[in-house]
Amino acid sequence: MIDMIEKEEPIISEEEAAQYDRQIRLWGLDAQKRLRGSRVLLVGLGGLGAEVAKNLILAGVKGLTLLDHEQVTEESCRAQFLVPVTARGQNRAQASLERAQYLNPMVEVRAYPDRPEDKPDDFFLQFDAVCLTGCSRDLMVRVDQLCSQRNIKVFCGDVYGYYGYMFSDLGKEHHYVEEKPKTVKPAQGSSDGPEAKKAKIDPNETTMVKKTASFCSLKEALEVDWTSEKAKASLKRTPVDYFLLHVLLKFRTDKGRDPDPQSFAEDSQLLRQIRDDVLESLAVSGDLLSDDFVSYCFSEMSPVCAVVGGVLGQEVVKALSQRDAPHRNFFFFDGRKGNGVVDYFGPN
Amino acid sequence: MVQLVGSLRKELADSLSSCRVLVVGAGGIGCELLKNLVLTGFKNIEVIDLDTIDVSNLNRQFLFQKKHVGKSKAQVAKESALQFCPTANITAYHDSIMNPDYNVEFFRNFMLVMNALDNRAARNHVNRMCLAADIPLIESGTAGYLGQVTVIKKGLTECYECQPKPSQKTFPGCTIRNTPSEPIHCIVWAKYLFNWLCSRGHCVLYLCGSQLFGEEDADQEVSPDTADPEAAWNPEEAAARATASEKDGDIKRVSTKEWARSTGYDSIKLFNKLFKDDIMYLLTMDKLWKKRKAPLPLDWQQLENHARPQEDSPGSGLKDQQVLGIWGYCKLFQHSVETLRSQLEQKGDGAELVWDKDDPPAMDFVTAAANLRMHIFSMNMKSRFDIKSMAGNIIPAIATTNAVIAGLIVLEGLKILSGELESCRSIFLNKCPNLRKKLLVPCVLDPPSANCYVCASKPEVTVKLNVHKSMVVFLQDKILKERFGMVAPDVQIEDGKGTILISSEEGETEANNSKFLSDFGIRNGSRLQADDFLQDYTLLINVLHTEDLEKDVEFEVVGDAPDKAPPPPSNQEETNSITNGNKDSAQPSTSSKEMKTDGCFMWRQRKKKSVQENPCTRPSVVLFLPKTDLCTGPNI
Numbered sequence: 001m002i003d004m005i006e007k008e009e010p011i012i013s014e015e016e017a018a019q020y021d022r023q024i025r026l027w028g029l030d031a032q033k034r035l036r037g038s039r040v041l042l043v044g045l046g047g048l049g050a051e052v053a054k055n056l057i058l059a060g061v062k063g064l065t066l067l068d069h070e071q072v073t074e075e076s077c078r079a080q081f082l083v084p085v086t087a088r089g090q091n092r093a094q095a096s097l098e099r100a101q102y103l104n105p106m107v108e109v110r111a112y113p114d115r116p117e118d119k120p121d122d123f124f125l126q127f128d129a130v131c132l133t134g135c136s137r138d139l140m141v142r143v144d145q146l147c148s149q150r151n152i153k154v155f156c157g158d159v160y161g162y163y164g165y166m167f168s169d170l171g172k173e174h175h176y177v178e179e180k181p182k183t184v185k186p187a188q189g190s191s192d193g194p195e196a197k198k199a200k201i202d203p204n205e206t207t208m209v210k211k212t213a214s215f216c217s218l219k220e221a222l223e224v225d226w227t228s229e230k231a232k233a234s235l236k237r238t239p240v241d242y243f244l245l246h247v248l249l250k251f252r253t254d255k256g257r258d259p260d261p262q263s264f265a266e267d268s269q270l271l272r273q274i275r276d277d278v279l280e281s282l283a284v285s286g287d288l289l290s291d292d293f294v295s296y297c298f299s300e301m302s303p304v305c306a307v308v309g310g311v312l313g314q315e316v317v318k319a320l321s322q323r324d325a326p327h328r329n330f331f332f333f334d335g336r337k338g339n340g341v342v343d344y345f346g347p348n
Numbered sequence: 001m002v003q004l005v006g007s008l009r010k011e012l013a014d015s016l017s018s019c020r021v022l023v024v025g026a027g028g029i030g031c032e033l034l035k036n037l038v039l040t041g042f043k044n045i046e047v048i049d050l051d052t053i054d055v056s057n058l059n060r061q062f063l064f065q066k067k068h069v070g071k072s073k074a075q076v077a078k079e080s081a082l083q084f085c086p087t088a089n090i091t092a093y094h095d096s097i098m099n100p101d102y103n104v105e106f107f108r109n110f111m112l113v114m115n116a117l118d119n120r121a122a123r124n125h126v127n128r129m130c131l132a133a134d135i136p137l138i139e140s141g142t143a144g145y146l147g148q149v150t151v152i153k154k155g156l157t158e159c160y161e162c163q164p165k166p167s168q169k170t171f172p173g174c175t176i177r178n179t180p181s182e183p184i185h186c187i188v189w190a191k192y193l194f195n196w197l198c199s200r201g202h203c204v205l206y207l208c209g210s211q212l213f214g215e216e217d218a219d220q221e222v223s224p225d226t227a228d229p230e231a232a233w234n235p236e237e238a239a240a241r242a243t244a245s246e247k248d249g250d251i252k253r254v255s256t257k258e259w260a261r262s263t264g265y266d267s268i269k270l271f272n273k274l275f276k277d278d279i280m281y282l283l284t285m286d287k288l289w290k291k292r293k294a295p296l297p298l299d300w301q302q303l304e305n306h307a308r309p310q311e312d313s314p315g316s317g318l319k320d321q322q323v324l325g326i327w328g329y330c331k332l333f334q335h336s337v338e339t340l341r342s343q344l345e346q347k348g349d350g351a352e353l354v355w356d357k358d359d360p361p362a363m364d365f366v367t368a369a370a371n372l373r374m375h376i377f378s379m380n381m382k383s384r385f386d387i388k389s390m391a392g393n394i395i396p397a398i399a400t401t402n403a404v405i406a407g408l409i410v411l412e413g414l415k416i417l418s419g420e421l422e423s424c425r426s427i428f429l430n431k432c433p434n435l436r437k438k439l440l441v442p443c444v445l446d447p448p449s450a451n452c453y454v455c456a457s458k459p460e461v462t463v464k465l466n467v468h469k470s471m472v473v474f475l476q477d478k479i480l481k482e483r484f485g486m487v488a489p490d491v492q493i494e495d496g497k498g499t500i501l502i503s504s505e506e507g508e509t510e511a512n513n514s515k516f517l518s519d520f521g522i523r524n525g526s527r528l529q530a531d532d533f534l535q536d537y538t539l540l541i542n543v544l545h546t547e548d549l550e551k552d553v554e555f556e557v558v559g560d561a562p563d564k565a566p567p568p569p570s571n572q573e574e575t576n577s578i579t580n581g582n583k584d585s586a587q588p589s590t591s592s593k594e595m596k597t598d599g600c601f602m603w604r605q606r607k608k609k610s611v612q613e614n615p616c617t618r619p620s621v622v623l624f625l626p627k628t629d630l631c632t633g634p635n636i
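Heads up: the protein sequence lines correspond to chains W and Y, in order.
full-length UniProt numbering puts the first residue of the first sequence at 1, with every later residue one more than the last.
full-length UniProt numbering puts the first residue of the second sequence at 1, with every later residue one more than the last.
Think of the hints as simulated: they come from the structure by calculation, not from any bench.
We put the CB at the ideal spot given by N, CA and C, even for glycine.
Wrong hints could be hidden among the right ones.
Pairs of lysine-lysine residues, derived as DSSO-like cross-links and limited to a Cα-Cα distance of at most 27 Å, are as follows [as the list claims (entries may be wrong)]: (1) Lys66/Y x Lys219/W; (2) Lys437/Y x Lys219/W; (3) Lys219/W x Lys250/W; (4) Lys62/W x Lys66/Y.
Negatives, chain Y to chain W, calculated, CB over 10 Å [as the list claims (entries may be wrong)]: (5) Gln83; (6) Gly328; (7) Lys481.
Sequences are here, hints too, so could you generate the full structure?
Below, the structure written as structure tokens:
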């Protein structure tokens, strides 16, 4: 999909140049053009989804499609800033559309009220990147499998209370460029010998270096075998957030929803139980995840959505613009500690 | 049994809805922060910003839309935030936080203050107000992909000023005027040229040290520096030149401006003077060119004869990113001078223009003049786009970095309100994960520095200067205000009589301004007590007299590391030195008048390592002189 850049209009309008000035100065015009030719699907307009929507719309993608089957509740108004307080009962994607569009009239924003599970494969294939929030593990695995083989960039992310993660699958061969300073030959001072008589190379000049990165599927990332000797040895350096993610995804699969503050007591108990089951099934120690996390993973915390949504949004921008090294392949954020780590999980 | 309201414990949620918080700044970080505060459940928020909305803000300051351009940021931010939380109680102030209305009592109203600023002066000021009011302060900043958050609490942590921050990079006068070697030198020169031509400037000249200065913009001299020590073959000659310049040189300088006016700002005459005659003059200072490539003067007529029609490449780039040929910049110079002249004419007698990067003829002028000079000194010319970045001290900015930092600010805020100060951290956002896989790096907060000249119990400093050559107004403006961050200083001499040297009351001590410190009996070992009552700040200054300062250096604070500017943070993964603001950034400031800045972030300390040295830097603090009238200034 990215290869279709050649078809886009070469001229950046005055309006775009003025509005995007401060970001063009950061990532360059080529990157901005690639963004301007990209279409993105965003599933889930909860707290995290709204942040990602804002970030991508402001970045200036060609189109952003919002897909969410949920209805607006009182909780949703507290969780995100795109849904008007008067929109209770409406579809969340459609209720978010107006404010999302206002963020940047130059982006084509669309909204659909359907369940992602009900969408045919074709639907997903019309995009350059797909971003899944609030989705079940099965759906994410399916969509990832479908899309990444077609060179469609796949991202997943969620926020659970103080915790959040994002995952990316940019395919087996993701090409990008990095800007490096041009190596200047010695003689930089102003009062050197004969060299100084030649025209000066600006020490700030840079050059673009081409690189490639390879990503595994979500399925592979989640199905790491912890029984191997190598895996066991690496456990010490492994963020426990990875295991927490398994627990929360399982909760979502089993209950069809996330932990709810309204049912704090039972959900807490269930979480502890699922924790035990998951750790056992992964053949890792039950001590890895203490009980502590339980009361901190309810609801989507706005500042945590902002952090995870910021990182996730920037990863989408990087992937679409094919500029700068992507994080590979998970980012975990712990809002209680202020820790944000990037780590790779997959077949070694 | 734990009770939750959303993600939060009930006690915390309750205290959020009752406490009052202050957000200083409604720009990139401010918009994101307001949104997070409101969604998290804060109910009583006050936000202050002196700025209005510009179209270049819209890529990240998402509470604003195109229709809001020109309006007050604080006001529109409030209105937009109320849209998604109508029950929030938000007060907006379109004002400067340094306004004395916002005194210690004002700050005491809040449980928490959060900065979302882009310049050091305001940060210093809010730092002191929060210390005085003993209110926790969350500091933050961003630039490009990088960002930082930290917490400041009196007595518990370092204050904002505990660690010395690199000061604004400046260039020695002779580099700007005689021997530029980098594009930035030419850009600085071009901006000075603009001020020189378009605003009140030099008329009466003062001798100070070995250099002659004009009134007001003494540091913005553009014509060849005949007193350049490098130019002289021997000391006697240097002295002779210095004396000669008193007669020829200064008359020349006065004439430059008067002359420009008298020729009616004739662009071609101006061109030939600046880019031919002055360059030829420089060439006579042949010692300068022994080891450097000599500049090549330009001749308008010759260039016109050789001009080839510019190939119009519609290209796929921004028009601004094109680099024209030399004739293209000649024409641009001519055109912009003509436009500026008519702007001045329209404004009438005594008209002045202030340089503004967003004013097209002003930007065109600097683009053209800088490029012409770069060409003369054998540097590759640059596009208007690139020159604007340097001349305008633009720091690139995106929504996502601000979103992350604003999220972290609220998380620290929650810790503070929960009474968990010991769990607060400084958190750094990197572009790439570090060796320990961290993209976000939390660090334990440092305790206050015992010698901090702001938060120590009895702050004291020693300042090295020449009491016979430093004027009172210089002490006030360059030392107390600029260096020590006071807004309205009062100074007494500890001479047993409590002689008042400077009063913050307008007019009271104006007569002292152009007197020298020694005129008041100040000498080596004297002590001055400087107060800023608004900031509730007293600083004792020990005077160390010296006749022996480096060229272009007018004072030194003893104990400071020598000024070294860190290398400009380019696209690298992690940097040890992040600068403090557009005005103070590694990109040297090219104007002391420019108030608008564009995003900045804070000083990063990693195990108290000192700043990486840039061997080419020499500080150039220039003597500031009082404004005096055209013909009535003191003669020396």
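Okay, the hints, checked on the actual structure:
1. Distance restraint check for Lys66/Y and Lys219/W: the Cα-Cα separation of roughly 44 Å exceeds the 27 Å cut-off, and the hinted pair is therefore not satisfied.
2. Between Lys437/Y and Lys219/W the CA atoms are separated by roughly 22 Å; this keeps the pair inside 27 Å, and the hint holds.
3. Simply put, Lys219/W and Lys250/W have alpha-carbon atoms about 14 Å apart, close enough for the 27 Å limit, and the pair holds.
4. Distance check on the hinted pair: Lys62/W and Lys66/Y sit about 19 Å apart at the alpha-carbon level, within 27 Å; holds.
5. For Gln83/Y, the shortest C-beta to C-beta distance to chain W comes to about 7 Å, within the 10 Å cut-off, and the non-interface label is violated.
6. Listed as outside the interface, Gly328/Y is consistent with that label: its C-beta sits roughly 19 Å from the nearest C-beta of chain W, beyond the 10 Å cut-off.
7. For Lys481/Y, the condition that its CB be more than 10 Å from all CB atoms of chain W holds, with the nearest at approximately 30 Å.
Violated hints for the displayed structure, listed by number in ascending order: 1 and 5.
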